[in-house]
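**Student:** Sequences and hints are given; from them, build the entire structure.
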Amino acid sequence: MFLKVQLPWNVIIPAENLDAKGLMLQRSIVVRLLEDFASKKATKDLGYYLAVTTLENIGEGKVRQHTGDVLFPVVFSGITFKIFRGEILEGVVHKVLKHGVFMRCGPIEHIYLSYMKMPDYRYVPGENPVFLNDKMSKIEKDAVVRFIVIGTKWLEAEREFQALPTGSMIVSFGAIDIPGGLSS
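Residue 1 is where the sequence shown starts when you use this note's numbering, and the numbers rise one by one after that.
Calculated from the structure, these hints are not laboratory results.
Note that the structure is predicted; figures quoted are calculated from it, not measured.
Just so you know, even glycine gets a beta-carbon here, dropped at the ideal spot from N, CA and C.
Mixed in with the good hints there might be a few duds.
As a list, the in silico DSBU-like pairs of lysine-lysine whose alpha-carbon atoms are at most 35 Å apart [said to hold, decoys possible]:
| id | residue 1 | residue 2 |
| --- | --- | --- |
| 1 | Lys40 | Lys153 |
| 2 | Lys138 | Lys62 |
| 3 | Lys4 | Lys135 |
| 4 | Lys4 | Lys95 |
| 5 | Lys98 | Lys138 |
| 6 | Lys95 | Lys44 |
| 7 | Lys95 | Lys135 |
| 8 | Lys98 | Lys41 |
| 9 | Lys138 | Lys41 |
| 10 | Lys135 | Lys153 |
| 11 | Lys141 | Lys41 |
Per label pair, the in silico range of CB-to-CB distance [unchecked claim]:
| id | residue 1 | residue 2 | range |
| --- | --- | --- | --- |
| 12 | Asn10 | Ala157 | 40 to 46 Å |
| 13 | Ala38 | Gly59 | 17 to 23 Å |
| 14 | Lys98 | Val30 | 17 to 23 Å |
| 15 | Val144 | Phe2 | 14 to 20 Å |
| 16 | Glu90 | Asp36 | 56 to 62 Å |
| 17 | Leu34 | Glu127 | 40 to 46 Å |
| 18 | Val5 | Gly151 | 45 to 51 Å |
| 19 | Gly126 | Asn10 | 15 to 21 Å |
| 20 | Lys40 | Asn128 | 33 to 39 Å |
| 21 | Phe84 | Asn57 | 25 to 31 Å |
| 22 | Gly126 | Trp154 | 31 to 37 Å |
**Tutor:** Here it is as structure tokens:
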């Protein structure tokens with residue numbers, strides 16, 4: 001789930017941000033690194049970028065000929081979030097549809113639990129649709145669901161992951177066991 005990583009990165013500092021004092025330069029490098037890191041979002045191998053924890057090294061800057069900007073190679077430590085097949089996680093339901101529910105888990109927005117993985121539940125349409133079982137347990141918007149990841153998919157264009165969970169789950173609003181599922 002959470003990974004500690006050490007990454008090399010190239011930080012470009014515009015010429016107007018350079019000064020004779022090292023403190024302003026170091027600050028500019030850190031600020032630019034954080035901006036670049038946040039905009040990258042995720043990679044297939046490392047998952048979602050969450051935080052820069054330590055700036056390990058700032059290499060020697062190289063002036064770019066046409067712009068006068070300076071490229072600094074840096075190495076930093078950080079935290080990423082990546083899900084793996086077989087992992088047990090919790091997600092929050094954010095959309096209930098006739099054919100299943102979508103959940104969020106950390107930065108992952110697209111975890112789809114199909115109605116076929118919830119055999120004891122039936123869909124109840126309405127203004128606030130839910131999945132309901134004979135014991136009156138509900139899977140509804142904002143319910144917390146525990147699941148096992150059975151598959152993940154990396155979407156390069158969106159730079160995000162999708163995941164498929166098992167039907168084995170426990171909803172935090174009263175423990176629910178689906179046959180063949182997890183027990184708390």
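**Student:** Give a verdict on every hint.
**Tutor:** Here is what the structure says about each hint:
With a CA separation close to 18 Å, the supplied pair lysine 40 and lysine 153 stays within the 35 Å bound. Taken as a hint, the lysine 138 and lysine 62 pair is broken in the structure, with Cα atoms around 60 Å apart against an allowance of 35 Å. For the suggested pair lysine 4 and lysine 135, the alpha carbons sit about 42 Å apart, so the restraint of at most 35 Å is broken. Annotation: proposed proximity of lysine 4 to lysine 95 holds, straight-line Cα distance about 31 Å (limit 35 Å).
Distance hint between lysine 98 and lysine 138 is fulfilled; the C-alpha atoms sit about 14 Å from each other, no more than 35 Å. Distance restraint check for lysine 95 and lysine 44: the Cα-Cα separation of roughly 25 Å lies within the 35 Å cut-off, and the hinted pair is therefore satisfied. For a cut-off of 35 Å, the pair hint linking lysine 95 to lysine 135 stands: about 22 Å separates their Cα positions. For a cut-off of 35 Å, the pair hint linking lysine 98 to lysine 41 stands: about 31 Å separates their Cα positions.
Among the hinted pairs, lysine 138 with lysine 41 is consistent with the structure: their alpha-carbon atoms are about 33 Å apart, no more than 35 Å. For a cut-off of 35 Å, the pair hint linking lysine 135 to lysine 153 stands: about 34 Å separates their Cα positions. A threshold of 35 Å between alpha carbons decides the hint, and for lysine 141 with lysine 41 the separation of about 26 Å falls inside it, so the pair holds. In this structure the hint that asparagine 10 and alanine 157 lie 40 to 46 Å apart at CB is violated, the actual value being about 23 Å.
Judged by the Cβ atoms, the range 17 to 23 Å given for alanine 38 and glycine 59 holds: they are separated by roughly 22 Å. The supplied range of 17 to 23 Å is broken by lysine 98 and valine 30, whose beta-carbon atoms lie about 49 Å from each other. Hint check: valine 144 to phenylalanine 2, Cβ distance near 19 Å, so the stated range 14 to 20 Å holds. At roughly 31 Å, the beta-carbon separation of glutamate 90 and aspartate 36 lies outside the given 56 to 62 Å, and the hint is violated.
Checked against the hint of 40 to 46 Å, the C-beta distance between leucine 34 and glutamate 127 comes to roughly 42 Å, which is consistent with it. A beta carbon spacing of about 23 Å between valine 5 and glycine 151 contradicts the range 45 to 51 Å that was offered as a hint. Between glycine 126 and asparagine 10 the Cβ separation comes to about 53 Å, which falls outside the hinted range of 15 to 21 Å. Between lysine 40 and asparagine 128 the beta carbons are some 37 Å apart, a value that agrees with the proposed interval 33 to 39 Å.
In this structure the supplied range 25 to 31 Å holds for phenylalanine 84 paired with asparagine 57, their Cβ-Cβ distance being about 30 Å. Between glycine 126 and tryptophan 154 the beta carbons are some 35 Å apart, a value that agrees with the proposed interval 31 to 37 Å.
Figure legend: structure checked against the earlier numbered hints; hints not met, in rising order: 2, 3, 12, 14, 16, 18, 19.
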